[in-house]
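The whole structure should be built from the sequences, with the hints applied where relevant.
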Amino acid sequence: MDYDIKLLLHPVDIHKLLTYEEHDTSLHNLTLGIDELTVFADCRTSTSKNNRIFSYLVLQSRKRNCDIYYTTQSFGMIDFRVFDHTLINVFAEKLFNEKNEEIDGVRKYTIIDKTNPRKPKMREFFMDITQFYDLYDTDEIVKPKI
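My numbering puts the first residue of the sequence shown at 1, with every later residue one more than the last.
Worth flagging that the hints you see were computed from the coordinates, not collected in a lab. Cβ coordinates follow ideal geometry from the N, Cα and C atoms, glycine included. Incorrect hints may appear among the rest.
What the hints assert, rightly or not - Derived DEER-like restraints, expressed as beta-carbon distance ranges: (1) K49 to T130: 23 to 33 Å; (2) V12 to R44: 16 to 26 Å; (3) F126 to K49: 41 to 51 Å; (4) E98 to H28: 44 to 54 Å; (5) R44 to T130: 30 to 40 Å.
Claimed, not checked - Derived PhoX-like pairs (lysine-lysine); straight-line CA-CA distance at most 25 Å: (6) K114 to K94; (7) K94 to K63; (8) K63 to K16; (9) K49 to K16; (10) K108 to K94; (11) K63 to K114; (12) K63 to K119; (13) K114 to K99; (14) K49 to K63.
What follows is the structure, given as structure tokens:
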């Protein structure tokens, strides 16, 4: 499979994001992607100024026509306020054989869609992920510029 990913990318200054002001329209009508969200919204620092401001941005995202996509190694480590307002969760699980050895290149995905909270939908499937290996570096260290 041949992938050609082209995104119009404008990095967001994390200081600007965390000192968001009401009159600032640069954070309106956008799609925000954050890798390793726990760096910015860790549940252990939920009372910190940065966490509270980020939570506010998440809570107000619908009013600003802002879609937020993020990755995390553990949903339990992100601020509950952020997780609670996440409408679609995608869980990727490693698979193991009967000898407890990881089955390389295959993941089980569970998608939970809470866009209709009265009737959440769930879907599970397996995927060969080796086709994506050349598209990104999973060992790249995420270093916040804070």
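Right, here's what the structure says about each hint:
Taking the beta carbon of each, K49 and T130 are about 42 Å apart, not inside 23 to 33 Å as hinted. Between V12 and R44 the beta carbon distance is about 24 Å. The supplied range of 16 to 26 Å therefore holds. One distance hint, 41 to 51 Å for the beta-carbon pair F126 and K49, holds here, with the actual separation near 42 Å. Distance hint check: the CB atoms of E98 and H28 are about 52 Å apart, consistent with the given range 44 to 54 Å.
Range check, R44 to T130: about 35 Å between beta-carbon atoms, so the 30 to 40 Å window is met. Restraint check: the Cα-Cα separation between K114 and K94 comes to about 24 Å, which is no more than 25 Å; the hinted pair holds. For the proposed pair K94 and K63, the alpha carbon gap of about 37 Å is over 25 Å, so the pair is violated. About 19 Å separates the Cα atoms of K63 and K16, which keeps this hinted pair within 25 Å; it holds.
A distance of roughly 13 Å separates the Cα atoms of K49 and K16; the hinted pair therefore holds under the 25 Å criterion. With a C-alpha separation of about 7 Å, the suggested pairing of K108 with K94 holds against the 25 Å cut-off. The hinted pair formed by K63 and K114 meets the criterion: a straight-line CA distance of about 18 Å does not exceed 25 Å. Our distance criterion of 25 Å between C-alpha atoms is met by K63 and K119, whose separation comes to about 23 Å.
At roughly 36 Å between alpha-carbon atoms, K114 and K99 are farther apart than 25 Å, so this suggested pair is violated. Distance hint between K49 and K63 is fulfilled; the C-alpha atoms sit about 22 Å from each other, no more than 25 Å.
In the structure shown, a violation is registered for the earlier hints numbered 1, 7, 13, in ascending order.
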